[in-house]
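J.: Chain by chain, the residues:
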Amino acid sequence: MTRPDTPMQEGTVDEIHKGAVDEPVISLRTVRAELGAKPVLRGIDLTVRRGEVVALLGANGSGKSTTVRAVIGQVPVVSGEIDLFGVPRRRFRQWSRVGYVPQRTTAAGGVPATVTEVVASGRLSRARFGLLRKADREAVRHALELVGLADRAKDPVDALSGGQHQRVLIARALASEPELLIMDEPMAGVDLASQEVLADTLREQVSRGVSVLLVLHELGPLEPLIDRAVVLRDGCVLHDGPPPKALGQHALPGHDHVHPHDDADADHLRTGLLS
Amino acid sequence: MDLLSYPFMQRALLAAVLVGLTAPAVGIYLVQRRQALMGDGIGHVAMTGVGLGFLLNSSPVWVAAAVAVAGSVLMELIRWYGRTRGDIALAMLFYGGMAGGVLLTALAPGGTNAGLTTYLFGSLTTVSASDVTAICLLAALVLLVTLGLRRQLFAVSQDEEFARVTGLPVRALNLLVAVTAAVTVTVAMRVVGLLLISALMVVPVAAAQQLARSFAATFAIAVALGVTAALGGTTLSFYNDVPPGATIVLLAIGAFVLLTVAATPLARRRAASEARRARAARVPGPQDEAEYDLATAEGTSGGAHAAPAAGPSGRPSGPSGRPRP
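Protein sequence lines correspond, in order, to chains A and B.
The first sequence runs 1 to 275 under the numbering used here.
The second sequence runs 276 to 600 under the numbering used here.
Chain B with its partners taken away, still in its complex shape (with noise of 0.2 angstroms):
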């Protein structure tokens, strides 16, 4: 393992591996809200923080974050009041970002874009010592918040407004998602690069999808992925010089074809099986054998699965609940 002996593909193994495990934890509640493209938009706010960054010799990835946080809030602003135009409020936000990070850079002492161009498609031998102290940090705040707030994220990002009803904190959790998803797009930027980031958030959950039928299920194996993707990602740019973003973002892809070719099988024999069931389900039980003649009729009418609802088991107070008086 030469790979490893040398320091600076330690730590950008390392931030891989926090990438792979962080983008896919955020990303799929932005699948699920059905928002996918919001980390792009973030990555574009965060050249500006980039650009700032040169501009005030502070450390590009602490001004990106602070930046891709404000934007982040400000999108989720934009979403709850601007209902109307709001994507040409986003595409404003998104443009102006990159604008701001290639202006900024260009004003900045010695600033040159080649330097920018290292944060938007990712470099492994940029990531500094520092770096890896502020990707940990943030990496870590990202999986306290999408695993210990998983519950509540899913319901917020399944049903907005059922989940207002059971009394949670709908607009702090937006917010929280939104925030999270900014700090997660610093955290890549290194690795896989602004432009790409989004990708990397998108693509593990879309192929997970593929084989997953719960949402744990699809959490689990998009962070899987995302994990293999950006150390293969990683370990293959070392090898061949090309560039890290771009290698893992492909990889991800390839696995997303593969696995969709993989699951279309699977789903037939899924669909079979379910079928099977639900004749098994309309075989009539003793008890209720004219219903189930009204059950059958009516199933083969109301859809594959209606017969079983009104089979034996299906009804819990059965015809002899309590009738009101």
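Extracted from the complex, chain A is given alone in its bound form (with noise of 0.2 angstroms):
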């Protein structure tokens, strides 16, 4: 993918980490909000650095979708600040940087639209005036052959399974080479096939430099990606550093094991790809 406007794209993780000092792309400060008149969010403090990836952890209910959603705008915020690309959100307008990949359940609608149509969405917040250009198209494509699914692209989206489905909206995010992806439960009702597609997009995407928070029900596949976990509980950040290896994801407050897939293959495919 050309990123035409990215300064660092050039450099390897390891360099964009010890030039942490840089701005963050995402800036959380004691952030409040409230679903009905509820407190969700209890003060959180949230800062993500270019090129880091970072897990929000914690179980239903802890404010971790909330958090994504207020970052995104599309949470009301009480009192607090938010700042994307060191820009108050408020005032924030280059959302062509930001790829958003919403749960599933989100992005349905009445009428059958292909892959395609649904990923050149995507490319809308680089788009002007909503045309599609030659290279607008050719983007569209690539971020396609990126989750896979390139040769399905004039499918109806509803003939696809969860997993591809799930391929479908992270290719919708990357159609505008953003520089910063933002993803709620990505692995949530994904087959195990997908989400290795998806674990390999995502480490190939890391290693261009793109940062990326995303919200996660358990580590999973995506472990070796991680830079750093923040857990959630109760609207306050619990954990704020390496991922909760010894503690174990599976300790975690409320945790409800759910496997797709839970037998001895699986984890045999899963370490071979992840090594």
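Read the hints as simulated data drawn from the structure, not as lab findings.
Keep in mind it's a predicted model, so treat the numbers as computed, not measured.
Here a beta-carbon is modelled for each residue, glycine too, at the ideal position from N, C-alpha and C.
Among these hints, one or two may not hold up.
[Stated by the list, open to error] If you only want the chain B side, here are some residues facing chain A, beta carbon under 10 angstroms, derived:
1. Arg309
2. Phe429
3. Arg543
4. Ala547
Hints in hand, dock the two standalone chains.
T.: Structure (structure tokens):
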């Protein structure tokens, strides 16, 4: 993917980490948010620096999704500050730098649409007046190649499996060639084959210096990619640091254990691909 | 073609073509947003506009357009802010609009509910020359919006949350769809009638979905069906002296039934060819035979399409994707 306006595209992840004094891509300072009258976020501090992969972990109802939705402006913030690329979120306009992957349930229209049509809507942030030029079509095709769905470009999204649908949503986010990926439970309900394609795609993006903030229920196959884990509980930050390996993600409060495929073969394949 | 020798029929047919074009063009976005009945609500509100037009003794088309636009904006605002019991608020708006129309018509000098009936069910003979001008202008506006902004409207209707993160003015676009739907209702009310206009917004789209696999094809087929049904219904109603609105809607529903029946074997054939393709994709490539075994094992448990995803062509960066240091 060509990224003409990204100054750090030549750098490896390590170089970027050394220069971490750079402005953060996401910065939340004592953010409070309410849903209805119920406080959901109670003073969240969260920073994602350039090139970093940060996982948001926590039990259901701990405020993971609300945090992400506050970052993209879907949840009104009661107090605190949110900056994107050093700009207060309210004044932030360069949305083509952000690729957002919502939870899969939100993206179903009542009319059939092809994979290409859905992915092309992710390119609108770069296409002027909504016109898709040759370069835009090329970017859409490339995004589909990245998630391994180029051969299904003309199929209706309804005909895809859950995991393939999730890959379409990730291709849609990649179509604008973003510098920051924000993903809400990208692995939820995704079959193992798709999980590996997703892990590959993400690793490829990270190797280009793309920053990632993702909500995860458990670290799973993405674990080797994750630089830092932020664990939430009751709308507060419980842990901010290396992924909680010693503790183990299975010991997180309220964790309910669901694996798409729970067999020995799956584990074998997973380690083989990601080691 | 003695049909075309009557000026009122020329006007009616022109109006029918425009209605057939515009109603599905807006309706597809309403269906995509799962607000298929919004057109119905706007139609009810527009009745108050018609009554007001009688009362003020001015053109009911323009007054109805103004009131329908106001009503649609109100409905959109209720959708944003009235999260609790939005359906009740909408119901108030629907019935209030209908009652207001009947009351205002009765209050109008010389106003009878017979006059209102032509707006409720459509009437060919009443499409006046000035109506045709209004309908042409409004239809041009509707087509400009629904075609010119199709990518933006598609994105917003498909996934509102994502559209906001691409920087699209989601609220403005939602309001635009609502206003465009309101305009379409007033364009169509002379031909199809206010009570049936929603059918012409929804039924051609539903029928097109039976055949189409893409949004673009759904749009094209729905508009083609809309125009065909509108022209056919108008012509039939001329020869048989039946209300055009009802004839148009029944023709559209007939097309829906026909296409649904015809599409069943089509869908079955597609499913079969897809299964064949999935099987073909599972043939192992020489370079990753070991993976193939696992992929097939996964494929049997992970749905029909899981295997090609892990197949030879499926992974762009592949196992050789750059590992992180």
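J.: Taking the hints in turn, state whether each one holds.
T.: Each hint tested on the structure:
1. Arg309: holds (5 angstroms)
2. Phe429: Status holds, d = 6 angstroms.
3. Arg543: violated (13 angstroms)
4. Ala547: Constraint on alanine 547(B) not satisfied, violated at 13 angstroms.
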